[in-house]
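> In order, the protein sequences belong to chains A and B.
Numbering-wise, the first sequence is residues 1 to 179 according to this note's numbering.
Numbering-wise, the second sequence is residues 1001 to 1277 according to this note's numbering.
Simulated from the structure, these hints should not be mistaken for laboratory data.
Quick caveat, the model's predicted, so the values are computed rather than measured.
Positions of the beta carbon are idealized from the N, C-alpha and C atoms, including for glycine.
Where hints are given, some of them may not hold.
Covered by chain A, per the in silico footprint, the following chain B stretches (three or more residues, Cβ under 8 Å) [what the hints assert, rightly or not]:
#: 1; stretch: 1002 to 1011
#: 2; stretch: 1023 to 1035
#: 3; stretch: 1051 to 1057
#: 4; stretch: 1210 to 1221
Anything over 12 Å on all C-beta distances counts as not near chain B; from chain A, calculated [what the hints assert, rightly or not]:
#: 5; residue: R17
#: 6; residue: T36
#: 7; residue: G82
#: 8; residue: G84
#: 9; residue: L87
#: 10; residue: C102
#: 11; residue: N135
#: 12; residue: R138
#: 13; residue: C139
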Amino acid sequence: MAPVRVSLDVNGTTYEREVEPRLLLVHFLRDHLGLTGTHVGCDTSNCGACTVHLNGEAVKSCTVLAVQADGAQVTTIEGLGGPGDALHPVQEAFWEHHGLQCGYCTPGMIMAAADLLARNSDPSEAEVREALAGNLCRCTGYHNIVKAVMAAAKATGRAEAAPPPPPGDPTVPVTGVGA
Amino acid sequence: MIPAEFDYVAPETLDEAIRALADGGEDAKLLAGGHSLLPLMKLRLAAPALLVDLRRVPDLAGVRANGDIRIGAMTTHSALVRANAGLASVAAATIADQQVRNRGTIGGSLAHGDPASDLPAVVLAAEGTIVARGPGGEREIAAAEFFRDYLETTLAPDEIITEIRMPGTEGWSFGYEKFNRRREDWAMVAVCALVRIESGACADARIGLTHMGSTPLRATAAEAALRGQPLEAGAIAAAAEQAAEGTSPPADLNASADYKRHLARVLCRRALERAAG
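Isolated chain B, as found in the complex (with noise of 0.2 Å):
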């Protein structure tokens, strides 16, 4: 499979990138890994007139935990794994497959806003932001105001991300759960759980869902009923029960949307009893 014809450009610097993307106008996407964007062109869902490829662009790669964690918008998911900085590189560590991670970055799958891919959800479950530059300088977007629909986020479109922050884990610990058939399949349900005990009760939960909305979400109901409870089984299943509260999880062919609130209910209780240690 071929992709439609393109122009191609790889700016040495931002402000280049952020030019030509401006020049280019609603018919230029920006080009990280590719390995969102290149598979949707060689279906020829999408077809960009032209790219502009972000390799050439210092700076954008790397993983700085001190105090938060900020990682560069061009870091590959192998790197997040091997900067070992929590619950996003157990994530990361969970993507697709070794050369998909070798080529996918934090910033690409972010941008791409696909509500099954994992990092989202870990991300608005952090409480993070996402850094972005356009023409007009820069901007911090809160992660709970970045994802808008299915593939939709609020950046606009002469814009690029060049970081993300997540405040500092210290203090919480952490569940990672996804289901699918196959290790390179997206998740059927994924759910990661951060979690902040106080002499062996949660002082503070934050629960995320993927691929159970056309946004990645938050499990607010089971985060409420956590909240204050002792860190033992009984008190995690309760919580767990309302993983799916609020939802409407879209069916596809592999999950139906009530088995999809099954594993959310299941996954959450799994990722909480690994958070309690």
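In isolation and in its complexed conformation, chain A is listed as follows (with noise of 0.2 Å):
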């Protein structure tokens, strides 16, 4: 079957190569780039260790083709700090919250948190366990992992964040979606 040449940014890199169209994203991101900080626990798109963001929305990565992400910017947990060894708020509040134990769902987690935080600068803590619905901690850290994304907002305030679409606009333009 014919590789596909894809150009993907990749926490701020741009990474052009050829890839089978088979490859899944996470595969690309982990055997080809080495970016091995995003896990692949269930393989099924249920368990949400494989979050990546996606032109800024996380999805799961087991769960994207490589080559529905060509052109697309990717961000990874290795590139959600700011530079040097910068933690992430949201890095930052799981260290000081204990919000991991084995440390396997961790990244996902913490995608899952940010792209949550970016949408809803001040969620209630019905908001955070619904955003991270979609990940799984079999090690059923959740107490500390809720605990640690609303420390996490209370310590990035409202600022940061981008305000959230207005409500009961009949004609939300949408760009950017779909596969």
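Reconstruct the complex from the two isolated chains, following the hints.
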């Protein structure tokens, strides 16, 4: 089957590669780019360990083909923090509030939480749990994970996040969605 | 899990996509968000020889509510939620989880034809239509004619869904109730209810059932029982008792057929109560 040339911006660096169409984004990140922070858990789009941001939205990279991400911007856990060793506020909060036990689900949890805070800078606990519904922690450490996300929201404050879309707008233009 | 090998194209126009699909024959499949198709391919339950990705085809995503509601086929569930377009948006918000909603599309969901998915019964109950383009041009298919059997629709293999249209819901109120064990699961059963209320009575009712058969269904007996009745607890409960009439829901690991019929009655009552306000 004919390989396909793709160009992806991953964590701010452009990578051009020839890939098999069936290559999953998660394997492209891990095996081709060596970015092993994104984990493969269930491989069936249930557990969320493979969550990355695709054009700014959280997706499960085990259910996205690398070719679907051609031309897109991808952020993985390695690219979430600031320059140098600076941690993202969600990473800081997971550390501070013991939001991880074995650590396997952690990259996905943090990417899903960062996606939530970009959309909603002041979530309720219910909204945090709702936003993390697609991420499973087999250590069942949910309590501290939720605590960490709530703390990160407080630490970041309202200023840094984008305002939510106006409710009830009947003609919301939608761009950059879909596959 | 790795899908079987396939060829891949991402055409830039709808006409090119239609041609690629026709040229690929019966082993070609369309790829929208991929959240129904790719899991099947990873499990090797589907092994298309060619994927025609719609991601570069312009103007397939977006929601317009101007009288009627028009939803582009490539509109993701997340975008549909954000558009705040009534019942469809409320139902879309219950689909799986945020990551899945960020990828899955309404067109993909309808084309997949899974009776356990949320949006098919919503489009059916709303008496919506599915707009499809093929080599012979465009046609509009009533939702009632669209869903043929489990994972089967009347869409031709070389047709592409471009838009979903639903009548405006001014004067209608709605309720959506779904039962599953985990947030990410498909509905064990779900019920959507649209009710037009005039002077406290039900002038019209449209009730859709999810996962109560091999296709999405209308609860016609419950609808008939409610029309003309005052929208109060007694009439709602009596109508909801009819919600499973004429259905033969598939039993599965989660629920027997009897239990699903029970769920349909309970969820119908709750959806109607919500619609009644």
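> Hints first: check each against the structure and report whether it holds.
Hint check:
1. 1002 to 1011: Result for this restraint: holds, n = 8.
2. 1023 to 1035: holds (count 5)
3. 1051 to 1057: Since 4 is at least three, the answer is holds.
4. 1210 to 1221: violated (count 0)
5. R17: The claim holds: R17/A sits with its nearest Cβ about 14 Å from chain B, beyond 12 Å.
6. T36: holds (18 Å)
7. G82: holds (24 Å)
8. G84: holds (29 Å)
9. L87: Consistent with the label, L87/A stays out of reach of chain B, its closest Cβ about 22 Å off (over 12 Å).
10. C102: Since the minimum Cβ distance to chain B is about 21 Å, C102/A lies beyond 12 Å and the statement holds.
11. N135: violated (8 Å)
12. R138: holds (14 Å)
13. C139: Per Cβ check, C139/A is outside 12 Å of chain B; nearest 18 Å; holds.
Hints 4 and 11, counting from the list given before, are not met by this structure.
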